[in-house]
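Enquirer: I would like the entire structure built from these sequences, with the hints used as guidance.
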Amino acid sequence: MSDADSNPDADANADADANDAAESGDRDYLRVADISKWYGDEQVLDDVSFEMDRGDVTVLIGPSGSGKSTMLRCVNRLAEAQEGEIFLDGEEVTAPDVDVDELRREVGMVFQDFNLFAHLTALDNVALGPRRVLDLSEAEADERAHAQLERVGLADQTDSYPAELSGGQKQRVGIARALAMEPKLMLFDEPTSALDPELIGEVLEVMHDLVADGMTMLVVTHEMSFARAVADEIVFLDEGRVVERGPPEQLFDNPEKERTARFLDRIASHD
Amino acid sequence: MADSTRPANVSDPGEAIPSAGRLLFVAAGVVFWGWLLATWVNRWLGGPVVPVGEPFVAPGTVESALAALPLLSAYATDLAFVTRISPEIARGIWLTVVITVVSLAVGFFIAVPLAVARVYGRLTAYVSLVYTELLRGTPLLAQLFVLHFGLNMGQYVPVALSDVFARNVVWVAILGFVLNGAAYQAEYIRGAIESVEEGQLTAGRAIGLSKVETIYYVVLPQGLRYAIPSWTNEFVYLIKYSSLAAFITVPELYYRAFEIASDTFRYPMIFAVTGLAYLCLVLTATELMARVEDLVAIPGVGGDRER
Ligand SMILES: Nc1ncnc2c1ncn2[C@@H]1O[C@H](COP(=O)(O)OP(=O)(O)OP(=O)(O)O)[C@@H](O)[C@H]1O
Ligand SMILES: [Mg+2]
Chain D
0 MSDADSNPDA
10 DANADADAND
20 AAESGDRDYL
30 RVADISKWYG
40 DEQVLDDVSF
50 EMDRGDVTVL
60 IGPSGSGKST
70 MLRCVNRLAE
80 AQEGEIFLDG
90 EEVTAPDVDV
100 DELRREVGMV
110 FQDFNLFAHL
120 TALDNVALGP
130 RRVLDLSEAE
140 ADERAHAQLE
150 RVGLADQTDS
160 YPAELSGGQK
170 QRVGIARALA
180 MEPKLMLFDE
190 PTSALDPELI
200 GEVLEVMHDL
210 VADGMTMLVV
220 THEMSFARAV
230 ADEIVFLDEG
240 RVVERGPPEQ
250 LFDNPEKERT
260 ARFLDRIASH
270 D
Chain A
0 MADSTRPANV
10 SDPGEAIPSA
20 GRLLFVAAGV
30 VFWGWLLATW
40 VNRWLGGPVV
50 PVGEPFVAPG
60 TVESALAALP
70 LLSAYATDLA
80 FVTRISPEIA
90 RGIWLTVVIT
100 VVSLAVGFFI
110 AVPLAVARVY
120 GRLTAYVSLV
130 YTELLRGTPL
140 LAQLFVLHFG
150 LNMGQYVPVA
160 LSDVFARNVV
170 WVAILGFVLN
180 GAAYQAEYIR
190 GAIESVEEGQ
200 LTAGRAIGLS
210 KVETIYYVVL
220 PQGLRYAIPS
230 WTNEFVYLIK
240 YSSLAAFITV
250 PELYYRAFEI
260 ASDTFRYPMI
270 FAVTGLAYLC
280 LVLTATELMA
290 RVEDLVAIPG
300 VGGDRER
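Residue numbers (numbering that gives the first Met the number 0), protein chains in the order written: chain D, 0 to 270; chain A, 0 to 306.
Among the hints, a few may not be true.
To give an idea of the interface, some chain A residues facing chain D are shown, with a C-beta separation under 10 angstroms as derived from the structure [what the hints assert, rightly or not]:
| id | residue |
| --- | --- |
| 1 | R204 |
| 2 | S209 |
| 3 | T231 |
| 4 | G301 |
Here are some of the chain D residues that sit facing chain A, going by a computed Cβ distance under 10 angstroms [stated by the list, open to error]:
| id | residue |
| --- | --- |
| 5 | A94 |
| 6 | F113 |
| 7 | A117 |
| 8 | G128 |
Keep in mind that the hints were calculated from the coordinates and are not lab data.
All C-beta atoms in this analysis are idealised placements derived from N, C-alpha and C, irrespective of residue type, glycine included.
Expert: In structure tokens, the structure reads:
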């Protein structure tokens, strides 16, 4: 389990805070406020705003090139927004004096093409962060890595190198690697897009488990049934703008904007 | 997709079933290195087996033994001569090996930062570029001349080091090969680092490693493995280029061969033997690096990667 178990006191407090926030109607565990970003002359994000509560799952959808990946990368500062602010758990992520390495310890990221460290075994992939970033002892880091691999159902693959794993297994190691840092927030960038159809299920299953464990997750995906099942909110991005956002039932079944409906039709006809 | 699932140690078929050629190759290696080590040890110990500078078998014995054989009698004098010069050749090889290995090893530790700076640096990328192009763009012999005749670097050799070799000029040669070899090694390593997927760096940064940490823990372990085959080239080149040290009077293999030749005027014979010695060294280096490559091989990294 992530930090929910490791520090019950802090967690109870945080939960209380989160409840307060929910009661007062503020959803600001993650708050993305008016984010704009340009690559050269090309504007890829245009005044993007959305909020998440602790334990929320938000799914970003949108056509290719609409800025979904860029939005995720702004949250852990792999990309820099030129305008707007992002807050995570009360801290301003986008402040110029933020220690980005510190920030990234608290924000796990899962990539479309896995990006597992090719020269390290599954165990070492997961243990590298705890060892070198969290400065845990070798034994503690290994123990934590074992636990996370077990959590994603790979306890028997600890000594395999990435090249020896299937795509689904690789992605589960990728998830375990992010979880081992005990993040406050998990970012998923199309975690199943590079997988053969028969391998998608095992990854989604792990993600379902995380939702059940109360992990706060910001997910870019085209898996609409997953989105419908677990998302608290769907954000539809097009050309860098939030076209429409809302709970899945509303956005999927009664989209307000025609553009949303057209996009959903296109996605549906692909399935 | 790059899902190569080759087992950690795929040896080529020639190794699995030792062919006659392979056996001959290994036997030649054993003879060559056996002779070298025996000669060196005999010298270091002050000549317990034969007097220092003398061959293990007297040239006269070789000559009379071969003269008795029908096929080899024509070469008896030649082989007796080769026997006579063999201790001197072994001495030259010693220095060639030391200069090459030390220069390569020290150069490596300069080359890695140079390559990293070139790929990931900003201002340092230019410094590295200028250094590399300058050192690769001018003749190695000219660099040695500048260090030796121009700057007389021998006078700066620290006392601790000047006891190692009979003459400080050996250190000057090593310095030259370190500086020059680092530039070449940096180019090979740079190419290898660039072939490490960008996603590896992103993933390292995403778990909170700094850029330098990611390079150290993620990029270099992969890049250096990719670099082994091309880096072996530098090893092979340096074995041969180290002969340029002869021109600043370093008594390595080529220098000694040249000295014997000008004393005896038996140029073809001596340079055939010298060439053979270089060939043995080069083949040893290639073989050694192939072993190293196998030893550090990781499935999916290096070797059979798709590029
Ligand atoms: N590093 C970069 N430099 C320049 N342009 C970039 C860079 N990264 C992304 N872009 C551009 O920004 C726009 C948004 O890209 P982004 O990857 O965020 O889209 P996306 O919604 O994730 O698309 P996809 O579904 O294809 O992954 C695209 O037009 C892309 O070409
Ligand atoms: Mg994307």
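Enquirer: Taking 10 angstroms as the limit, does the beta-carbon of S209/A come near enough to a beta-carbon in chain D?
Expert: Holds - the Cβ of S209/A comes within 10 angstroms of chain D, reaching about 6 angstroms at its closest.
Enquirer: For the hint on G128/D, does the least C-beta distance to chain A fall short of 10 angstroms?
Expert: holds (4 angstroms)
Enquirer: Does the interface hint hold: is A117/D within less than 10 angstroms of chain A, judged Cβ to Cβ?
Expert: holds (5 angstroms)
Enquirer: Against chain D, with CB atoms and a cut of 10 angstroms, does the hint on R204/A hold up?
Expert: holds (7 angstroms)
Enquirer: Take the shortest C-beta to C-beta distance between A94/D and chain A; is it under 10 angstroms?
Expert: Violated, because the Cβ-Cβ distance from A94/D to chain A comes to roughly 17 angstroms (cut-off 10 angstroms).
Enquirer: Return the status of the interface hint for F113/D: holds when the least beta-carbon distance to chain A is below 10 angstroms, violated otherwise.
Expert: Holds, because the Cβ-Cβ distance from F113/D to chain A comes to roughly 8 angstroms (cut-off 10 angstroms).
Enquirer: Quick check on the hint: T231/A CB to chain D CB, less than 10 angstroms?
Expert: Not OK, violated: T231/A not within 10 angstroms of chain D, min 20 angstroms.
Enquirer: Taking 10 angstroms as the limit, does the beta-carbon of G301/A come near enough to a beta-carbon in chain D?
Expert: holds (9 angstroms)
Violation of the numbered hints given earlier is confined to hints 3, 5; the remaining hints are satisfied by the structure.
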